[in-house]
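Participant: Chains as they are written, first to last, in this note's numbering: chain A, 1 to 325; chain B, 326 to 649.
No lab work stands behind these hints: they were computed from the structure.
Predicted model only: the values in this text are computed from it and were never measured.
Mixed in with the good hints, there may be bad ones.
[Unchecked claim] Here are the simulated distance ranges between beta carbons:
#1 B/D563 to A/V30: 29 to 35 Å
#2 A/A16 to B/H598: 51 to 57 Å
#3 A/P53 to B/E614: 39 to 45 Å
#4 B/E566 to A/P53: 22 to 28 Å
#5 B/R533 to A/N95: 31 to 37 Å
#6 B/A562 to A/A16: 55 to 61 Å
#7 B/R533 to A/P294: 46 to 52 Å
#8 B/E566 to A/G70: 21 to 27 Å
#9 B/A539 to A/P294: 44 to 50 Å
#10 A/D195 to B/E428: 54 to 60 Å
#11 A/S32 to B/R593: 57 to 63 Å
#12 A/S172 to B/A559: 57 to 63 Å
#13 B/L644 to A/P53: 46 to 52 Å
[As the list claims (entries may be wrong)] Computed list of chain A residues with no C-beta within reach of chain B, every gap over 10 Å:
#14 C33
#15 S73
#16 K78
#17 E118
Don't be surprised by glycine CBs; every beta carbon is placed ideally from N, CA and C.
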Amino acid sequence: MTFVEIINAAIRERLARADRVVCFGQNITVASCLSGLTRDLAVHAGIEAINTPNCENAMAGFGFGLMLEGVDSIFFVKQLDFLLLAADQMVNTWNMARQAGATGSFTIVPIVVDSGFEGPQSRLNNLADFCSLGDFEAYALSDANAAETIIARHLVAPGFRLLAPSQRLFRSAADQEAPEGIDGEAGIFKLASGDAATVVAFNFAWPQARSLRAVLAAAGHPADLFGVAAVNRIDWTAIAESVARTGRLILIDDSRSMNRPGERLRSALADRGIAHRALPLYRRIDRRDLSPNPDRFVLDEAAVLEWIARSEFSVTDRTIGHAHG
Amino acid sequence: MEAFETSKSPLARDSIEQAGEVMETLAWEMLRLRLSMLVVNELVKRRAFQVPIHLALGHEAVAVAVSMAMGAHDRLLLTHRNIHYNIARNADLAAEIAEYRLERDAPGGGRFGAMNLIAPENGIVYTSSILGNCLPVAVGVAKGRAVKQADAVTFAVTGDGALEEGAFYEALMMATSLRLPLIFLVENNDWSMYTRVAERRCALDLQRLAEAFAIPFRRLSGDDAEACLKGMTALRADVAEAQRPAIVEVTLATLGDREVTEEGKPPRTINYHHGGAAHISYEAGPIIEESERDPLYRLSGRLPAETWRRLVAEARAPLDGFLA
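Next up, chain A with everything else stripped away, as it sits in the complex (with noise of 0.2 Å):
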C-alpha cells in the first residue's frame, strides 16, 4: 500500500467506530477523492460527506459551529495554504470555542504540498508556523505506523486540530517496521534505538532521518531515532533522557518555519541542565523556494559521520541540509 492508502484506510476505520460526523471539503467524494485521501468517507449512515464551494474561511467557521453544537465534523483541505484564507476562523474562533467549553471535535486534515513544484504556494510547507498564531494541537503525517495511531487516537476527539500528511510522500511505499516505541499522545515516536547519538526528526524528515539512522549505523555509530509529529504541546521526557544518555543531539528539520519545535527541545534540554553537543540539520530558507523545485532536503551525511566520529569537534549552529541538493 502507498501511504495515502494506509491514511485513507486509518480515517475510514476510525470514521466506522464514529456514531456521527460530518466530513466536508472542496472535491472530497468525486474524481480522485484528494488523490485518495478522502476515497468512500460514508461508511455507514452517520457519516455525512459534502462538497462545500470555494470557501475556506466559511468552512473553518462552519466546523467550529457544529463543534459549538457538539457535532463532530473533519474539514479536508487540498492544500495547506489555502487554510491561510480561514486564518481569522482558526485563531480568533477557536479561542471563543475553546472558552465557551465547546464539546464537539473538528479536525482539520490539509495536505502540506511540500512537493516544491507548486512554487509560492509550497514554501508554506508547516505546521509549526499556523500552531504559533492559535495555539492548537498539530500532527504532521509521514509515517504510515505514525499516521495510523494518530488518526485512531485524535481524528474524532473533542478539541481542535490539524492533521497534515505530506503530499511529497503520498506514492511513497508505506513499509516502515512499527516503532519501537509509541507515544501517541504526545505526538513523539521512537523509531530505532542506539548509543552514539539522538536523532530527531520533525515535520515531514522523517524519512531523511531514517536514512541517516542507516547510514550511522552501517558505520558503526547506531543511534536512537525518534520522529516528532506533534508540532506542540510535546513532552520532551524520552527524548531529554536519550540525550542524556547519548550525549548528542542531531535536529533533522525540513520546514522552512522560523518556529522550529527543535530549538524548543534545546531550551528543554538546557532547563534540565543536560549537557549535550547539538547538531541541527534545518532547511536552507531562500529565494529559490519560490519558484518550482524539486524540494530535495539532502543531508551532508558524511559530514554527520565526522561529526560522530571526532569526540573533540563541536558544532552547536551547524546548518548542512540543502534545499535543492
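Position chain B against the provided structure of chain A, taking the given hints into account.
Facilitator: Below, chain B without anything else, positioned relative to chain A:
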C-alpha cells in the same frame, strides 16, 4: 390591534401572561432594555468597567423582536455590539453587569467580557468582535441543529460594515448551498466606526443580492418596534418552513452621536461607537430623542399616556438601585 404570533421563549411567554396583551409586553420589554442600557451607560461614565462596551441605544426594537420571535431551540450569534440582545434575552441586569465586571460568580464566570459575551442558556451561543466572523460559525451552528433534528432557526446578527467582508458572502453561499434555516440579520446604522457607508464604499442593494441567491429578503425599520416584531416573527416562520436562509436588513440609528471639531475643518457629527454616551442620561430617559429615530419615542405615541407612564415606572423600579 392585530395579534402577533407569540414566541415560544419562556421569557416572552411569561411577559405576555403578565401584561395580558402583546403591545404592552412589547413596550415593557423595550423599556426594560432601554433603561437597562441607560444604567450601563451611567456605569460606563463612572468608569465602572475595564472592558470596552458598545451600547446599542436605538437598537432595542430589533433585539426585542428577535428575542420574542425566537423558538425554544433557536440559536443566536452576535457581534461585539451585543448588549441589546443579551439583555433582551436575560432579565437579570445584575448578571450582565457582573459579566462586565469580570466577576467569577457571574453566569459566564466573567470570562467573556462584553464583546464576546455569550449566554448559551438563552440561545446566545457565540459572539465575535471580528467583523463578519460570526456568520460562517452560524452556518455551522445551523447545520449542527439540523443534524440533531432540533426544529430550530439560527439568527446571525451582523452590521453594515460586515457586508464589506468576504465572510458575509462565503457564509451566505454556504448556507444557501446547504439549505439551512439561517437568518442573516444586518443591523444597518449607516456607520462603520466613524465613517458613513457613502464615505467608504459603493452602495449595495441587499435585496438584489438576496435575489441573486434566490432567497427571501425583508427590510425592516428599526424605529418601529411593532413592525419589527411582526416582520421577524413572520420571517422566522417562513425560514423554518422552507428550510433555507433569508436576509433581513434592519435600518436603524445608533443614538448617542456627537459633534467633533478638528482644527481647520467644519464641525462634524460622528456616530456613537463605544464607551459612554456622554450626553445621554438615565434620569432623562427612557426617550433619548423626540424624533422618529428613537424607537421608544415612536412606541410611546402608540400607547395611552397613562399606560406608558405606568410601564415606565414599572420598568424603572428594579433598576434605580443600580445607580444608588
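Participant: Compare the structure with each hint and give your call.
Facilitator: Hint check results:
The hinted range of 29 to 35 Å is satisfied by B/D563 and A/V30, whose Cβ atoms lie roughly 33 Å apart. A/A16 and B/H598 have their C-beta atoms about 52 Å apart, which keeps the hinted 51 to 57 Å range intact. The supplied range of 39 to 45 Å is met by A/P53 and B/E614, whose beta-carbon atoms lie about 44 Å from each other. Taking the beta carbon of each, B/E566 and A/P53 are about 25 Å apart, inside 22 to 28 Å as hinted.
As the Cβ distance of B/R533 to A/N95 is approximately 36 Å, the hint placing it in 31 to 37 Å holds. The supplied range of 55 to 61 Å is broken by B/A562 and A/A16, whose beta-carbon atoms lie about 40 Å from each other. Roughly 50 Å separates the CB atoms of B/R533 and A/P294, a value that falls within the hinted 46 to 52 Å. Remark: the range hint 21 to 27 Å for B/E566 to A/G70 is upheld by a beta-carbon distance near 26 Å.
Separation of B/A539 from A/P294 is about 48 Å and conforms to the stated range, judged on CB atoms against 44 to 50 Å. The given range of 54 to 60 Å is respected by A/D195 and B/E428, whose C-beta atoms sit roughly 58 Å from each other. A/S32 and B/R593 have their C-beta atoms about 58 Å apart, which keeps the hinted 57 to 63 Å range intact. Look at A/S172 against B/A559: about 60 Å separates their beta carbons, and that is inside 57 to 63 Å.
The hinted range of 46 to 52 Å is satisfied by B/L644 and A/P53, whose Cβ atoms lie roughly 47 Å apart. Taking the minimum C-beta to C-beta distance to chain B, about 20 Å, the non-interface status of A/C33 holds against the 10 Å cut. Taking the minimum C-beta to C-beta distance to chain B, about 8 Å, the non-interface status of A/S73 is violated against the 10 Å cut. Every C-beta of chain B lies more than 10 Å from that of A/K78, the closest at about 17 Å, which supports listing it as non-interface.
For A/E118, the condition that its CB be more than 10 Å from all CB atoms of chain B holds, with the nearest at approximately 23 Å.
Going down the numbered hints, you'll see the structure goes against 6 and 15, while the others check out.
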